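Chemist: Using the sequences and the accompanying hints, generate a full structural model.
Chains A and B are the protein sequences, given in the same order. Count the first sequence with my numbering and you get residues 58 to 367, in order. Count the second sequence with my numbering and you get residues 1348 to 1602, in order.
Where hints are given, some of them may not hold.
Not everything, but these chain B residues come out facing chain A in the computed CB check (under 10 Å) [claimed, not checked]:
1) VAL1358
2) MET1567
3) LEU1600
Among the chain B residues that face chain A by a calculated CB cut under 10 Å, a handful are [said to hold, decoys possible]:
4) LEU1363
5) TYR1469
6) GLY1471
7) LEU1472
8) LEU1563
9) VAL1591
10) GLY1598
Read the hints as simulated data drawn from the structure, not as lab findings. Keep in mind it's a predicted model, so treat the numbers as computed, not measured. All residues carry an ideal CB built from backbone N, CA and C; glycine is no exception.
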Amino acid sequence: MSVKIWAFSESPSVANEVASVASAIAGATAGGFAVVGLDDSGSLLAGEEKLVVRADSPLSASPEAAASALEAAAKEANPDIILVGSTRDGKEIASRLAVKLGRPCASDVFSVTLVDGALQGKRNVFAGKLIAEVSMPLPCIVALKVGTNPALPASTAKATEKTVGALASKTKLVERREKQKGTVDLRGAKLIVSAGRGIKKKEDLVLVSDLATALGGAVGCSRPLSADMGWLPEEHHIGLTGVTVRPDLYLAVGISGQLQHVAGVKDSKVIAAVNTDKSAPIFEASDYGVVGDLYTVLPAMLKEIKERHH
Amino acid sequence: MKIAVCVKHAVDETELKVDSGGNPQLKGASTKMSTFDKNAVEEALRLKAAHQGEVVIVTVGTPEAKKTMKEALAMGADRGVLVSADPMAMDTRRTSELLAAALKKGGPYDIILCSEGSSDMYSGLVPPMLGELLGLPYVGYAKMIDVSGQSAKVERALEDSVEVVEALLPLVVSVVSEINEPRYPTLIQIMQAGKKPMEDLTPEALLPGAGPPVPLVKSMKAQAMARKRVVFEGPPEETAKKLVDALAAEGVLPR
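Modeler: Pasting the structure below:
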């Protein structure tokens, strides 16, 4: 069976990541795939076949308008599988397309394969405690978990353009404040030292940041530190409702290890933890743990690491 | 102002047991209101406090979902609407269609609130589907909602940015947990919740002629947690050295 696949994201880098999954499915079925983007993203996209949808106003400013434009394009091209990067805007676009086109849809799916004409994949459910197997008959829409696949490089192929003219949006974007890039890029970090409620006051975060600096890593935190205490900005929050990370080393300091937190780190290569409570669930989710007071263990670790570099 | 909050009755993921074969013991498992739905209920109650009106809780669930309904009513909502169907036996589109039909029947509502995703399945698809199905403006991942007259200004928390979006009412909004701190009902509120009106609706009445629902999930298994679980105890200098040694041996420390 030869299938026609779309690899879409409103973000070109995510679209190219989705494209690598599309390429694998297409390769296994002698099918084809097109990488689909918005507005002026054509030159940034990967693949031999590219499509950009555009309208009189930027589609990137409105997931609603983007979904309407994609609907028009999908009705012409009729892809069997529409893969969408499962970003927050991507989930909205996928949901709207599912309703508009009358197709089933699942989000945050990984390990996608085509079996007997149905698209199968996995999702983390119950805060990562379980993995659900989902299956959808074609045609369908799948929002793919992002940050889990390599991106295909941008290609020089010329993108086909589909212009849809004026699109009404029921919401109006009045301001977009970009979070400071570069200050914290947890998703791409190779090493993360993360702080939890074991930290007694804001000033003590320096223990965590000093260790992170010595290891060339980034600083993360569990939800209470950003949401309740406000000691770190929200973009440092790692977990189900925050950032999902997959560093080589995730070091959890003073973090008890609630399911919602562990759900955001479980793809890390090595997980280590420092906690005073021997029965803390974080030790169940860790490769290495130290039962001890972070206020004495962290300085000792810092000393040990500095000595090794002499 | 008439406000609807869509909530979900869910198995408590923290209490969920798994047998030796990795199969979840969902039957008889401890249940609760989906965690982030409490933030949606709280936001509705705050909007009601500021603008007067009524808060209606809408859910698709089994009879057991009345427990979640009562909890939302105890928090301060005025009445409930239960669509009797098991959301685990259908895909998110059908759940959204049922909710949309129940909202149309009981509406019009000025604001329809949801959380960004449920604590069990965490798909995040139902809120935008509601916006699409109802033909209303939809704003997802709200961390602040400011309603003034017939319009709303909403701050959206996205991965790399915060967006400020304006829309006219009626409006569908999904909220993130940072938006507020949900209240705890008092004992008196809990006792009175059972006396608040609760309407029962059936899928057949809401979506006549709709075919049988198609579940999306084929099976669920425990996540394999293949971690080494080596734990060091002792004086900090010793345990710190052991940990650094172990991490260096794994090759995850900078050389």
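Chemist: Please go over all the hints and tell whether each is borne out by the structure.
Modeler: Against the structure, the hints:
1. VAL1358: Hint holds; VAL1358 of chain B Cβ to chain A Cβ min 7 Å, cut 10 Å.
2. MET1567: holds, 5 Å
3. LEU1600: Cβ of LEU1600 of chain B sits 7 Å from chain A, so the hint holds.
4. LEU1363: This hint holds: LEU1363 of chain B lies near chain A, its Cβ roughly 6 Å from the closest one there, short of 10 Å.
5. TYR1469: This hint holds: TYR1469 of chain B lies near chain A, its Cβ roughly 7 Å from the closest one there, short of 10 Å.
6. GLY1471: holds, 5 Å
7. LEU1472: Holds: closest Cβ of chain A sits about 5 Å from LEU1472 of chain B, inside 10 Å.
8. LEU1563: Because about 5 Å separates LEU1563 of chain B from the closest Cβ in chain A, which is inside the 10 Å limit, the hint holds.
9. VAL1591: holds, 5 Å
10. GLY1598: holds, 8 Å
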